[in-house]
Structure formats: structure tokens, C-alpha cells
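In the order they appear, the protein sequences are chains A and B.
Under this note's numbering, think of the first position of the first sequence as 14, with each following residue one higher.
Under this note's numbering, think of the first position of the second sequence as 2, with each following residue one higher.
Don't read these hints as lab results, they were simulated from the structure.
Note that the Cβ used here is the ideal one computed from N, Cα and C, for glycine as well.
Distance windows between CB atoms, simulated:
id	chain 1	residue 1	chain 2	residue 2	range
1	B	Val54	A	Lys259	54 to 62 Å
2	B	Gly117	A	Glu81	51 to 59 Å
3	B	Asp94	A	Thr171	24 to 32 Å
4	B	Leu81	A	Gly111	53 to 61 Å
5	A	Phe327	B	Asp94	23 to 31 Å
6	A	Gly111	B	Arg49	31 to 39 Å
7	A	Lys194	B	Arg114	53 to 61 Å
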Amino acid sequence: MSQTQSNASRMDGPGYSRRSFLRNGVAMAGGMAAFVAALRPLAELGEGALPSMDEFLQKHYKEMNEQEMQAALARIEAKVKERWDVDAEVRDVRPRDGVEFVYALNLSRCIGCRKCVHACVAENNQSRAPEIQYIRVLEMPTGTLDIEQGDHDYDHPTVPDAGHYYMPIQCHQCADPPCTKVCPVEATWTEDDGITVVDYDWCIGCRYCEAACPYFARRFNFAEPEIAAEELNTQMSYLSNRPRSKGVMEKCTFCLHRTREGRQPACLEVCPVGARQFGNVRDPESSVSQILETKRVFVLKEDVGTLPRFFYYFDERYPRSGETAVEEG
Amino acid sequence: MRLLISATFFLLAGWFLMYSGAGALPQFERQHVDPASIAPVPRRAILRDPAKVTIGGIEQRCSACHAIFPSTQDAPAARLQHTEIVLEHGLNDRCDNCHDKGDHDGFVLYGGRVVGFDDVQLLCAKCHGPTFRDWERGVHGKTLGSWVVGSDAQRRLLCTECHDPHHPAFTPYVPLPGPHTLRQHATERHADEHDHEAYNPLRHWRTEAEDAPEEGAH
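Take these sequences, add in the hints, and give me the full structure.
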């Protein structure tokens with residue numbers, strides 16, 4: 014605009030001509046209108062959309078002391094009460110000493126019923142519309158491990174479908190996770206028991222971690238999560254299933270609010286065929302240690318070097334009476 | 002030149018004015034999942050010791066009836082009682098292969114030893130050795146309650162809590178709803194089989210689906 018102005022002043026002396034005044038005036042009005050329009054979304058923020066001063070000043074999870082953590086938990090409980098009129102218990106569950114969690118999934122058993130998917134949604138207070146699912150069950154053609162050929166949208170009347178096997182994928186809780194390295198604000202990290210967590214209050218929603226994850230295990234809240242009050246799981250923890258807000262990442266945490274207290278993950282308990290095994294890999298008697306020792310085990314995308322704590326395994330399968338052996342080759 | 006700049010400026014200003022502001026996010030229908038279908042319970046309720054069944058409206062120990070009525074050793078088709086049982090266990094199609102002839106409250110192992118219903122895994126182990134070995138290690142089967150080995154809360158399910166011993170093959174399940182987020186839209190393969198638009202979450206952003214060319218699968 015300085016070009017226009019200097020031209021105008023050169024032509025018309027020190028004052029404004031009628032023409033340049035009108036032109037600049039209209040331009041100013043247009044510019045202001047555009048500016049205001051750009052800011053309009055701020056005015057449309059509902060009540061409670063902006064954080065309170067306490068929330069704004071809340072520290073990173075690792076930097077909070079006991080008092081600050083208690084205050085933060087109480088704040089979350091109050092927000093749940095305000096939004097859903099439900100009394101929730103929000104806790105901060107810490108890792109146990111000498112425990113490293115490992116998950117093992119038996120591909121010979123999984124039938125693709127997706128009960129794990131929805132037990133997870135119910136347990137972890139994911140948004141229902143659009144529904145966020147941590148577990149993705151791939152339907153794979155028999156005889157290949159090429160996940161490019163997998164399909165997660167299958168909807169047969171019944172499962173398992175002949176000629177397919179099923180491969181559920183969720184967060185692999187890698188020992189060398191790419192997702193935590195790319196986070197610009199250190200809102201996600203790996204805990205001592207091997208679980209990679211997100212501080213939802215620290216996440217800025219840049220989605221770098223989603224792009225970095227080779228397993229597509231992270232989910233982004235594009236919309237304000239929608240959960241009915243009666244569906245809310247009131248047993249919450251800071252790092253896992255407390256309600257998230259729009260614009261933050263979330264992921265499977267091996268149900269840390271359950272598993273750090275010795276319970277099983279929700280996806281395991283609902284599995285109707287016992288395809289899922291979970292436990293402490295540092296205990297040689299645990300089922301996962303036994304699986305690693307005695308079964309044929311593989312990890313997904315071993316070549317990317319993420320060192321997952323999620324293993325797939327097979328059973329030996331001999332032909333039953335009346336069956337013919339599957340031809341090798 | 003100046004005209005071009007100012008025209009562009011006004012056009013841009015007008016465009017911002019018209020089209021900025023919070024765009025409407027697509028609305029999604031909720032997927033309904035019956036809470037009963039995701040209850041963490043064993044597949045089957047089983048008989049525990051002492052085993053009792055209700056026949057003719059009377060709950061009885063197995064041995065109480067069979068003290069009077071001898072069990073048949075013929076093929077299952079000849080059964081007069083227990084007709085609700087569908088016996089499809091491969092070659093294993095005789096009652097006495099598992100149920101003890103003498104002690105009807107238990108199962109028969111090799112050598113004639115009898116175990117109760119609470120130790121049914123020993124019976125299954127007679128034939129399913131590798132699976133029993135895996136079960137003992139915690140590799141096969143399902144553990145409810147706790148992952149802590151030896152914890153009181155830990156409950157290892159018995160064979161029959163998942164498998165029907167008379168009909169061990171699992172019945173098929175109706176799969177629960179699949180992915181339902183923005184990015185996880187249906188793959189192209191479905192376009193041939195179904196109405197693709199019904200699957201595509203981006204359909205909410207389209208005014209005329211016919212005009213918009215279909216994007217690739219990814």
C-alpha cells in the first residue's frame with residue numbers, strides 16, 4: 014500500500030485526494046473485515062473451551078509435585094462432574110518396580126470379532142462419534158504376512174471368514190519408539206514399565222507422532238470427543254483414560270490404570286478365544302515369557318527397528334481327524 | 002498493475018470474509034454396541050464339583066440318576082436323555098470315552114483314575130497334549146483378573162469354559178462395527194461390493210457426490 018500512498022501524495026501534494034481517500038478507505042475496511050473474519054472462530058468458542066488460569070499454568074506431568082498433581086486430578090474430576098454430572102475417580106497410577114509389560118497375540122486363535130476394539134473404547138473413554146478405536150483388526154488373506162493386503166473394513170455376516178486370518182494391531186509400546194522422538198514439546202514419553210504415554214494437557218496436537226508411528230497406533234481428536242454420561246468409565250487415570258479434548262493425540266496405554274494394579278487389559282479380558290496374553294516379561298514364569306521361549310514369535314515391521322513390546326505368535330497345528338494336511342509351499 | 006493488485010486484494014478480502022470462520026466438522030452417527038457383547042465373562046458356564054444337572058425339573062447329582070439308570074454305551078444317536086447335547090467331537094463319539102462308567106460324577110483318565118469336573122483339563126490332556134502343555138505354561142487359554150503369576154485374583158479358565166466339550170469347534174461370531182474415523186475410510190475394494198458412499202466419512206463434506214471424483218484408497 015505504501016506504493017499507492019506515495020503515488021497519491023506525489024500527484025496530489027500533501028493532502029489526500031478524494032480518489033485515494035476512497036480507495037484507501039475501502040481497502041482498510043476490507044482488510045479489517047478480513048481480519049475480523051479470520052478471528053471469528055475465537056468468538057465462537059463455547060464456554061469452557063479456553064483453559065482456566067490454573068489449567069493454563071499446569072506443569073508437565075513429570076515436573077508436577079505431589080500437591081500439584083492432586084490439584085490437577087481434582088480439577089479433572091471437577092470438569093468431568095461439570096460436563097457429564099458424573100462422579101469420576103481420577104488417579105495417577107505409577108509404574109511398578111521390576112515390571113516390563115509385554116503383549117503377545119496368537120494369530121492362530123484370533124477370529125476377528127472386534128470385541129477387543131469395542132471393549133477398549135468402552136474402557137478408555139474414547140470419543141464415540143466419530144469413534145476413536147485404538148485397535149485395528151486387519152483381515153489378511155491366508156498365506157501372506159503382507160499387511161498391504163490387509164483390510165480393516167471387513168463386514169462379513171459372521172467371522173472368521175474362510176480363507177482369511179485376522180491380525181489386530183494396536184500400540185506396540187516400542188522400546189525404541191519413533192513417536193516420542195519427534196514430539197516437539199515432550200508431551201509423550203516411555204515410562205519405566207515400557208508403556209508410552211501422552212500428557213494430554215501438554216500435547217499441542219501437531220500430529221508428528223502420528224506420522225512417525227509405523228503401526229498407525231496413534232489417534233487424533235479432530236472433533237470434541239463425544240461420550241454419553243452413562244457410557245463414561247469413571248475409573249480414570251491421568252495418563253490413560255481420563256477425558257481428552259479436541260486437538261490432542263491419544264493412544265493405547267495397555268490400560269495402565271488397570272495393569273499397573275495387577276489387572277488385565279480390557280482387550281484381553283473380553284477376547285472370546287483367548288488369543289491375547291499379557292504379562293511381565295521380567296518374570297520368567299509369566300505367560301509372555303513362556304511364549305517368547307517356546308513359541309514361534311515375530312514382531313511387525315521388524316526392519317524399522319522399533320523393538321516392539323507386542324509380539325505375534327502361532328500355534329503348531331496338526332491336521333485333525335478327517336482333515337487333510339495343508340500343503341507346504 | 003495497481004489495478005491488478007487492488008483487485009486481488011479485494012478479492013482476497015472478500016473471500017476471507019465469506020469463507021473463514023469455523024467450518025462445520027462432519028457429524029457422525031454413533032455406532033451402537035451392545036454392552037453385553039463386550040462383557041468380560043467366560044464363554045461358557047460350566048459344571049463344577051459336585052456336578053448337578055436338572056432333569057425333569059429336579060436338580061440331581063449325576064450319580065443319583067445313574068445309580069438307577071445305566072448309561073448307554075451305544076452310539077450317541079441312541080440317547081434317550083441329555084438330548085440337548087450335540088456331540089461333534091470328531092472320532093470321540095462315545096460318552097464313556099470321557100465320562101466314567103462307574104463314577105458318574107467324574108471323568109475317566111488313562112489307567113482308570115477318575116477326576117472331578119474341577120480338573121477337567123486332565124481329561125482333555127489325554128488327547129490334546131501340546132495344547133495342555135501350552136495351557137500349563139499360560140500360553141494357551143485365557144486368564145481373567147490379574148496378570149500377576151500366582152496372584153489370588155488370577156483366574157485361569159478351564160478348557161470347558163471356552164470350548165464346548167461335546168462340540169469343541171467355536172461357533173462363528175457376528176463381527177462388531179469396524180473403523181469409524183476420518184482417516185480410516187473404506188478401501189477401494191469395497192467400492193465394487195457395496196455402496197462406497199455409505200462407508201466414506203468424507204461424504205459429509207460433499208455437496209454432490211457424483212461431481213467429486215473418488216479419491217484413492219489411501
